[in-house]
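2 protein chains.
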Amino acid sequence: MNDTRQHKALLFDVFGTVVDWKGSITRELTAYAQNHSLAEVEWEQFAIDWRALYQPAMEKIRSGDRGYVRLDTLHRENLLELLPKHGLTTLSDEQIDHINHVWHRLQPWPDCLPGMYRLRRQFTLCSLSNGNIALMVNMARHSAIPWDAILGSEPTRGYKPQPQVYLKSAEMLGLTPQQCIMVAAHNDDLRAAAKLGFATAYINRPYEYGAAQSVDFEADESWDFISDSMTGIADLLGC
Amino acid sequence: MNDTRQHKALLFDVFGTVVDWKGSITRELTAYAQNHSLAEVEWEQFAIDWRALYQPAMEKIRSGDRGYVRLDTLHRENLLELLPKHGLTTLSDEQIDHINHVWHRLQPWPDCLPGMYRLRRQFTLCSLSNGNIALMVNMARHSAIPWDAILGSEPTRGYKPQPQVYLKSAEMLGLTPQQCIMVAAHNDDLRAAAKLGFATAYINRPYEYGAAQSVDFEADESWDFISDSMTGIADLLGC
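The listed protein sequences correspond, in order, to chains A and B. The opening position of the first sequence corresponds to residue 1 in this note's numbering, with each subsequent residue numbered one higher. The opening position of the second sequence corresponds to residue 1001 in this note's numbering, with each subsequent residue numbered one higher.
Hints were generated in silico from the structure; no laboratory data involved. Fair warning: this is a prediction, and the values are worked out from it, not measured in the lab.
When the alpha-carbon atoms are kept at most 35 Å apart in a straight line, the in silico DSBU-like pairs for lysine-lysine are as follows: (1) 168/A <-> 1008/B; (2) 1168/B <-> 60/A; (3) 1168/B <-> 195/A; (4) 1168/B <-> 1195/B; (5) 1168/B <-> 8/A.
Output of the computed footprint for chain B on chain A, the stretches with three or more beta carbons under 8 Å from beta carbons of chain B: (6) 150-159; (7) 169-178.
Cβ-to-Cβ under 7 Å is the rule here; a few derived chain A residues that face chain B: (8) 133; (9) 134; (10) 137.
For every residue, glycine included, the Cβ atom is placed at its ideal position computed from N, Cα and C.
Next comes chain A alone, as it looks inside the complex (with noise of 0.2 Å):
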């Protein structure tokens, strides 16, 4: 399991794992509140309670209640519902799309860069994450993300941990699950995806919540490489 020259790519979970959500969204919106007069929210709360209503809304489509929409599209009924509990009643459409694009904005941890410029060297690296393809093109282009292609959600019509999300992902690109490491801050992330076969590395975010963090506080199984950081990782597979 732990030979890496049989590993071609890395495919990672992208929330959480590769950038700060809470903290990118508490920044921004923080200025962008006072540079145009807001209500006072809390944005920290706000990032939480916004993230809080990612997994019901996934639910839906995986369940087959729902066909599939992109992950655009759920934030942003999710951010109708959010702001007005929020004190936010009077934003413009032009306001809430930009809010909305927070996400296409997120800033990678600081460790992540410098780990994924010396990963891409050796292994192909994809997204493999349910945000839709200009969610993530843009935070890419907006953060300097060496993505070699745009996998996961969007061109395998699914939401992880829909199977399908892992395995079409791999054979978009001509490999096999056991030619793909998936890297992952998620112990579920990892579980869905080595029972399919993928090799696994866990990368530790036990803040990536902050005081609301209720899991991944360590890695939960013995995966395949376990680290602190990207670079760690880059470490691990010898980059």
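Assemble the complex: chain A is given as a structure, and chain B must be docked to it using the hints.
Same frame as chain A, now just chain B:
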């Protein structure tokens, strides 16, 4: 039409526009045949004959006679048809796979990377090719082509000039056709894109096929941007 501020993304034809398939295949297979003591073959003619089987193979899929299969599969079927005609009857499966993957190792025209690295600062750059994802990813890694995303045939399950290949690619970027510029060395490709609302950039490659060239000696229509090189397109777009 020439207001470049509205344009957000450049979508590129690849074979012939970005990479020199004939020259790359000829160079690589000439060396490969020498190193492996293969029968003597006119490799430039071989490349042209292989390429000639491309349109009829895709046409079966466009017409609905056959379900979608990726270009790697069509290339291999065409290769199996071609090899005996050129006197190559004793290749191993491994050798055939290696030769088939020469398309994954095509090299850009000399003007392409200098132009594309300038263009990417201002525009999102995506492939909109009939090549499949693995082919495009491996080619980009081999030749340092800076794609933001691999779109086109495989993510949209079609072959150009089918409209969905262009329209769904733009939609995956969250853009209208009017916000995208199709870049190609082939007038037909630009005609199909223009009909759907895309802006158009023509790069003249009258030497793509060598002596076998029969079309695309010049711009047939008044495309929005016309140049002899990718760097010329970057000049026209103010990059």
